[in-house]
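Going down the list, the sequences are from chains E and C.
Residue numbering for the first sequence follows the numbering used here, beginning at 2 and increasing consecutively.
Residue numbering for the second sequence follows the numbering used here, beginning at 61 and increasing consecutively.
One thing to keep in mind: the hints can contain errors.
To be verified - Cβ-Cβ distance ranges computed for the label pairs, FRET-style:
hint : chain 1 : residue 1 : chain 2 : residue 2 : range
1    : C       : K235      : E       : G154      : 19 to 29 angstroms
2    : C       : Q225      : E       : G133      : 38 to 48 angstroms
3    : E       : S46       : C       : G204      : 38 to 48 angstroms
4    : E       : A116      : C       : D110      : 35 to 45 angstroms
5    : E       : C39       : C       : R84       : 41 to 51 angstroms
6    : E       : R56       : C       : F222      : 40 to 50 angstroms
7    : C       : R89       : E       : D53       : 50 to 60 angstroms
8    : C       : D110      : E       : P84       : 16 to 26 angstroms
9    : C       : L196      : E       : R137      : 47 to 57 angstroms
10   : E       : L61       : C       : K235      : 50 to 60 angstroms
11   : C       : P232      : E       : D143      : 26 to 36 angstroms
Calculated from the structure, these hints are not laboratory results.
Built from N, CA and C at the ideal position, the CB exists for glycine as well.
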Amino acid sequence: MGVEQKLGNMGVVTTRLEDLVNWGRTNSMWPMLFGLACCAIEMMSMQAAHYDASRFGMELMRPSPRQSDVMIVAGRVSRKMAPVLRRLYDQMSEPKWVISMGDCASCGGVFNNYAIVQGVDEIVPVDVYVAGCPPRPEALIDGIMTLHEKVRGEGMKDWA
Amino acid sequence: MSDVTTGELFYQKVNQAFPGAIDRAVEFRGEHTLVIRQASLKDVCLLLRDNEELACNLLEDIVADDMLPEFPRFAVNYHIYSIPKNHYIRIRVPVEDPDDGPETLAAVWPIASWLEIEVWDLMGITFKGNDQLRRLFLPEDWQGHPLRKDYPLGYEEVQFSFNWQAIDAKKPYAKD
Chain E
2 MGVEQKLGNM GVVTTRLEDL VNWGRTNSMW PMLFGLACCA IEMMSMQAAH
52 YDASRFGMEL MRPSPRQSDV MIVAGRVSRK MAPVLRRLYD QMSEPKWVIS
102 MGDCASCGGV FNNYAIVQGV DEIVPVDVYV AGCPPRPEAL IDGIMTLHEK
152 VRGEGMKDWA
Chain C
61 MSDVTTGELF YQKVNQAFPG AIDRAVEFRG EHTLVIRQAS LKDVCLLLRD
111 NEELACNLLE DIVADDMLPE FPRFAVNYHI YSIPKNHYIR IRVPVEDPDD
161 GPETLAAVWP IASWLEIEVW DLMGITFKGN DQLRRLFLPE DWQGHPLRKD
211 YPLGYEEVQF SFNWQAIDAK KPYAKD
């Protein structure tokens, strides 16, 4: 939706409010740092120089839930960690999304035992699951792009 | 200690002071273990600490075993080291009833209190005199002691393609 073509000489652009808001949201989506295990290494790599997450408006990882929009749960969540994760999710301001990174966060992975939560979707609602053990940074970027697709499709009635 | 090995030294000293306290002595690959009766554990440990030739001043770890279905089912192992003498000894105490466990060694080595909490948390063996027994690793509202052999291994059935829908239906998904 190239703005230039619509602009003409009038200096006025008309667009749908949904498109404008979703454009703003997708292009500045700060992730919340939630590295719990080896997936966090790939998440750091995704953010650092080689893969450069700031191409997608993710300039920096926020350890503070108040300033972040998307929570990337990277690693296995223990039963003791689960209430902390939920608390941090509740502290994030709307709108907020969750990416479940890796097999452990998505379904427990190889840890089918008493200590590990079998999928972080039992604690917080997950938008995108990224498969892999651990997923490569490209896979995580693909998950972020998938989340962007999802956010662009959100209508005004979803915002409420 | 020129002609007496470490195992023999420990056996002699303990047997001399407390005859009948030692159930048996085991040596395996250079590691010495004294199996001690539960009632005399604290006396033996005080001897190990205070005897000048033994001088065991460091309790390295407390480990519990579950040997289901044997009897006695549980055993507590104390890994004890002497920094001045550079020798190890393992004291093993069979525990018949986990609710009536061995005496606490907090008065001998203060670190024992902390390690006993860990043993109670994961294996459920109480220590007489230790009033600090509480949840350490696990959440405070946890039921049971997960390192016991009769504790269920996983709490959820594994989701495959053939039973995907059945498990998906009862999976507790989070609400917003």
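Query raised in the report: When you take the CB atoms of E:L61 and C:K235, is the distance between them in 50 to 60 angstroms?
Result: 30 angstroms, violated
Query - Range hint compliance [Cβ, C:R89 to E:D53, 50 to 60 angstroms] - result: 53 angstroms, holds
Requested in this report: Using the Cβ atoms, figure out if C:Q225 sits within 38 to 48 angstroms of E:G133.
Outcome: Taking Cβ atoms as reference, C:Q225 and E:G133 lie about 24 angstroms apart, which means the hint is violated.
**Report entry** Distance restraint hint 16 to 26 angstroms, applied to the beta-carbon atoms of C:D110 and E:P84
**Finding:** 46 angstroms, violated
Requested in this report: Starting from the range 26 to 36 angstroms, see whether the pair C:P232 and E:D143 falls in it by beta-carbon distance.
Outcome: 28 angstroms, holds
Query - Pairwise beta carbon distance, E:C39 to C:R84, judged against the given window 41 to 51 angstroms - result: 45 angstroms, holds
Query - Cβ distance range 47 to 57 angstroms for C:L196 and E:R137, holds or violated - result: Taking Cβ atoms as reference, C:L196 and E:R137 lie about 37 angstroms apart, which means the hint is violated.
Report task. State, for the Cβ atoms of E:A116 and C:D110, whether the hinted interval 35 to 45 angstroms holds or is violated. Result -> 40 angstroms, holds
Report task. For the range 19 to 29 angstroms, tell me whether the beta carbons of C:K235 and E:G154 fit it or not. Result -> 22 angstroms, holds
Query raised in the report: Should the hint that E:R56 and C:F222 are 40 to 50 angstroms apart at their CB atoms be regarded as holding?
Result: Because 41 angstroms falls inside the window, the suggested range holds.
Report task. Using the beta carbons of E:S46 and C:G204, state whether their distance is inside 38 to 48 angstroms or not. Result -> Roughly 40 angstroms apart at Cβ, these two residues keep to the hinted range, so it holds.
Going through the hint list in order, the structure does not satisfy hints 2, 8, 9, 10.
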